[in-house]
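Hey, can you work out the whole structure from these sequences and the hints?
Protein chains in written order, with UniProt numbering: chain A, 1 to 504; chain B, 1 to 365; chain C, 1 to 363.
Bear in mind the hints are in silico, worked out from the structure with no lab data behind them.
Among the clues, some could well be false.
Simulated pairs of lysine-lysine, DSBU-like, Cα-Cα distance not exceeding 35 angstroms [what the hints assert, rightly or not]: (1) K443(A) to K229(B); (2) K229(B) to K479(A); (3) K317(B) to K101(C); (4) K367(A) to K213(B); (5) K345(A) to K237(C).
All figures in this text were calculated on a predicted structure; none of them were measured in a lab.
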Amino acid sequence: MQERSLLEMRGIYKSFPGVKALRNVDFTLREGEIHALMGENGAGKSTLIKVLTGVHIKDSGDIYIKGQDGAVQIHSPQDAQNMGISTVYQEISLCPNLSVAENIFLGRGKRGLVNWRNMNRHAGKLLDSLGIAVKPTQQLASCSIAVQQMVAIARAVDMECSVLILDEPTSSLDESEVAKLFVLMRQLKERGVGIIFVTHFLDQVYEVCDRITVLRDGQLVGEYEIENLPRVQLVSKMLGKELDDMADIKNDIPVFEEKGKGYVYEAEGLCSSEGIKPFNFNIRKGEVNGFTGLLGSGRSECVRAIFGADKVTGGKVKVNGREVKINKPIDAMKNGIAYLPEDRKRDGIVGDLSVRDNIILALQVKKGFFKPFTKAEATKFADEYIKLLDIKTASVNTPIKSLSGGNQQKVILGRWLLTHPEYLILDEPTRGIDVGTKIDIQKLVLKLASEGMSITFISSETDEMLRTCSRLLVMRDRKLVGELTGDELTQTTIMNTIAGGEQE
Amino acid sequence: MTATPKSAEKSSFLASIVKKQIFIPIAALLLLAIFNLIMDPSFFNITLGHNSAGDPVLSGNIISIIDYGSELAILAIGMTLVTAASRGQDISVGAAMAISGSVVLRILCGPNADAATLQAPIIVAFLISCLVAMAFGAFNGALVSIFKIQPMVATLILFTAGRSIAAWINHNKLPVVNDKTFAYFGGYIPGIPIPTPVFIAIACFIVIWLVLKFTTLGLYAQAVGINEKTSRLNGLNPAFIKFITYVILGLCVAVAAFIKVSRVSTINYSVVAKDIEMDAILAVALGGNSLSGGKFSISASILGAYVIQFLTTTLYKFNVQSDALPAYKAVVVILLVILSAPIVREKIAAFCKSLRSPVNAESKS
Amino acid sequence: MPQKDMTVGKPRRHLLRGITDTNLLMSITIIVFILMYLYAIFGLGEGFLKAQTFFNMLNANAALIILACGMTLVMITGGIDISVGGMTALVSMSSAVFLDKHSGSVFGAMMISLGIGLAFGLIQGFLVAYLDIQPFIVTLAGMFFARGMTTIVNPDQFNVQNEAFVKLKETRIIIPKMGWVNKRGVYIDAYIEIGVIVALVIVAALFLFLKWTKTGRNFYAVGGNKQSALMLGINVKRTTFLAYLMCGILGGIGGFVYFMHVGSGSPSHATGAEMNAIASSIIGGTMLTGGVGNIIGTLFGVLSLALIQNIVSSVGLDDAWWTGITNASMLCIFLVVQSIIIAKRKKTNLSAAKSMETKGVKK
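Shown next as C-alpha cells:
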C-alpha cells in the first residue's frame, strides 16, 4: 500500500448473471482528498461502491484499508462500518420519525438504557462542530432534506470513519444547501477523512473534488487530477468517445424535411411536480427528436410531464394545433400519445400477467371498460406484434416476468404500437438489453417515423441518439439548456452543451 | 409460437396440472372426500324425502354442502375481486350481512317489526338492501382507495359497528316474516327438490361470468393489484378500480344476506353470518389466489368456498360444536399461509432441488 | 451567496412543525378528553364530578388498558395484533375451568394465563417476524383459534366459585379522601380494583421502556423505516418478534385482569376487545403506519372511549348498540385525521423543498 492512501482496491472483478459489472477495476483513495467517482449508467460505479460497503461480495481482487493488515474481506455493511467505511445514500436511510440525536446514535453500542441528556449534549456538540444548524431534539422529518443528509453525514463522522462515501447526496438539494454540504466536506477533508463523491453534476465535481476516477462499461478508464481534466474531456471519457473521433461521425445523421408538416405536439412553459424548470417543446409529424443530458438532468421528467405521468403544474399544451389539457396518462393516450417508461420493471410491465394481456392493456384501456377484446382478438393482436417485433416467448400465455429484459421491452413497445399513436415517447428503450435488440429498436424508430409517426427518443448512448434523432434538446440540472439541429449534431457539440460551464 | 419439444411437454403434463391454480381446491376436495369415504361412506347418501309441507326435497350431506355453501360462494366472488385489486381483504362482510339482512326485514315488516302481512314487495326490500350494502361497500372502498388505509384496518371499522348498526335499524327488535314466499329463497320452492340458494348462487356465477366476459374488470383489477404504477401509466385510475371492487363485494354481501335471512325468516344480529369473513378469506386462499393481490381465478375461489363448507359439514359430523369450528379453520389458514410464504417456498424449493438435482440434470440432458 | 442563507436547518416557524408526530397526536387526544370531561361535568350533571365515576372507568377498563398497551407496542413497529380479544376469552375460560373444575390455585391460574399469552406471542411473533407473513392474517387466524379453543375448553358461561379467587376479585383498594357522601349522609370510600394497579404499573413500565431503553427506541426505528433501521444496524427481525412476544404476554396478563374483573368464563367474553384496543391506540396517537405512538396516549385513548360510553349512556342512549357505533365512528374519525395529517405533512415537506428550489432559481 502506498503511503497516504486510505483505501486501495486492486483488480476488482464482479459479475452478475449475464453481466460483467466490474472488470479489473483499480481504485485508490488518499488521506484528506475528495475523490469523484464518475461514469454513466451501467458504468459500474454503484457496483464498485456496493462491493466496498459489503452489499455485494467481489468475485476477485484485493481491498486494502489503512490500519488493517493485508487484504480485507468485507462481507456485510456491518463489516464495512467496523473498518471505518461509512456510506450516505442518495435516499436517506434514517428514521424520519425519530429525533436528530437518536438518528445519530441509533443501533450503536451495547443494549441498555438511553441517556437522553448525554446523547443530546454529544449530538449538539457534534452538530455544532460540523456547523449543522439543527437542534438535536428536533424530529428528523421536520428537517429539510439537506439537513437530513447532513445528519446522516454527522452520524458517519461520529462513527470515526476514515472513508466516507457520498452516493449522489446532492440530487435533491438546492444551491445553498449544496454549498453548505461542501463546507462540511472540506472540513472533513482537513481532518484527513477520504471522501468518495458520486454525483451527476459536473459543476459540483469541479468545485469540490481533487481527483476523478472514471469508469465505463465496468472498466477503469483512468484516474485524473482535477486540474488535468477539462470538462469536455471528462464527458468524452464518460461517454467513451475520443474528441478526435467525434468530428468524423456525422455522415449518417438523419435529415428531417420539415416543410409542410405541422406540429403534432406543442408545449409552452410545461412543468411538473418533479421540479423541472418550465420548458417549451414541440414536435412535427414524422420527426424524431430526443432529450439528452446526463442521468438525473431531468430528461425523463420532461417526457413524463408531456405524458401527464407526473402531476403537471403548469403550461399550455396543443395537440395538432388544438389546445388540450393533459393531466393524466389517459388524457395523453386519448390524444394519440404513447409513452414507454424508463423504469421497465416499476412502470412498464405487469409482471404476473401474460404477454397477451400486457400487449393489449393500453389499447384495451383506450377502447373502454365495456368493450373487452375477446380472447381470440387479443391473441391475434399479441401474435401480430410478437411476430412484428420478433419477441421470443414460449406462448402468449407466458407471464411477462419470465421473459428476458429485451423481450419485455419489446412487449411494452408492442403495447404502445398497438394503440397506433401519432406521437410516441421512448424513454431509454434500449437500456439493459442486448446489442441486437438495440439495433432492431433503432431501425424500428426510423421506420415508424418514415411512416409518419412522431417520436421522441431518449437514450444514455449519444451515438444511438445521433443515429436516430434529427433534433436534440439538451438538459442540464433540470433545465433545458440548448437545442441542436443539423450541423450541430456532433458528439463534440453535444458534449460541450451538456458540460456547459467553461465552454459557454 | 416457439414450439416446445414434445418430450418436455409430456413429462411436464403432471407438473402443469399441479401448477394450475384450481388444483389446490380440487386436491383439498378430494382429500376431504376420501377422508369421509373411509370414515363413513354413508356421508355421501342422498335421499328424496318430503318436508313438513309435503313437498319433495332432497336431503343428505352433499345437498346441505351445496345448499349452505351458497352464501359463502357468493361472498367469495366479491372477496376475490377485492383481494386482487386492493391487495387486502374485507373483514367486515359478516357485519355488513347483518346490516343488509336487517334492512330486508325492516322493509318487509315495517317499523313495528311484527306485521302479519308484508309491508312491501320482497323485490323492493331486496333492492333497497342491495343499495345499502353497496353504500357500505363504497364506504370501505373510499377509506381504502382515497384515504389509503390498509384494507383490513379500514374494514375493521364496519366490522365493529356493523352488528350494532344492524340492531339499530330494527331498534333491536327481532322481526319475524310470516310470509311463506319469503322463505322460498332460503328453502325450497314447492315442487322443486333442490334448495333455492343453489339456484341463486348459480345465477350469481353466471352474472359474474358475464361481467368478466363483457367488461374489462378482470384485467383491470389484476393490473392494479400487480402493478399500480404501470396501471396508472396505461391510463387506468387505480383508486377507482379498487373502489369499484368494494362496491361489487357490497352487492355480493346483499345477495348472501338475503339468502341468510330467508332461511330463518328472522335475524339474530350478533350471530348471523358470524365468522363468515374468515371463511370467505379462506375460500380465496384455498382457491390458490395470492392474498397479496394480483392474478385471480374466481372459479377456484368458488370451489374453495364449497371445500370449506365441506370441511364445516365434516367437522359437524364429528360433533364439533359450531363455536369451536374457527379453531380448526384457523389451523388450516395458518398452514396455508405458512406454505405460501415466499421465505418458506424458497426453502422448500431449495430443499426439493437438492433432493432432485441428480434426476433433474439427467432429464435436462 | 449571503451568509444568512447558509443556515439551512433554521427552526420552522409553524408551531405544529416543531412538535413530533407522537406528541401532536397525543396532545390532540388529551385535549379532546379534557374537553369531553368538562362537557360531561357541566352539561350532564354532578355525577361526573365524583371521583368514583372516574375510578369506575379505570376499574372497568383495566384489562383494556393492558391489551391496548400491547397493541401499541406492536403498532409502533408497524404491525397489528387482532388476536388479543380472543386471547382474553381463552385466558378467562381456561383460568375459570382450572380454578373451579380442577380446583386449582390462583397462582396456577395466573401461570396458565401467562403461558397462553407467551405461546401466542411466540408463535405469532415467529410467523410475522421470521417468516414474513402479513401480521393481519396471522393474528386473524390467532383470534379465531383462540375463540374456537375457548369453546373447546368449555362451551358455556359460568361464574367462578373458588374462594381464594373470589376474595382476590373482591379486594378493593380504598383511595383516602376521595370518597363521597351519599343521599343518606353516609360517607362512602372511593376504591379501585387490583387490576387497575396492575394496569398502571404496566403503563408506567412500558412508558419507561419505550422512552429510556435502546430496545424500546428500536421499536420506533423499525416502525419508522424498516430498511433504514436495518442499515443503521438494528436487528429488525428480533425487534419485531419481541414486539409480538410482549403483546402476547400482555394479552395473557390483560386476560387475567379481565377475568378478575368479571369473575367468570364465557366464549363471548371480550368480544370486540381487539377492536377497542386498536381504537384506543389509534385515538391515543399511535399511527397505523408505525413509528409513532405513546403509551400515555394509549391510556388516554382507553379513557376517552370509556368516557364516551359513559356520556352516551347518561345522555339516554342506553342501548347496547350505541357503544359499537360510537367506538367505530371515533376510530373512523381518527383514522381519517391520521391519513390527512400524513398527506399534509408530505405535501408541506414537498412544498418546502419546492419553495427552496424557486428561491435558488431567483438567486
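Looking back at the numbered hints, which does the structure fail to meet, lowest number first?
Result: no hint breaks.
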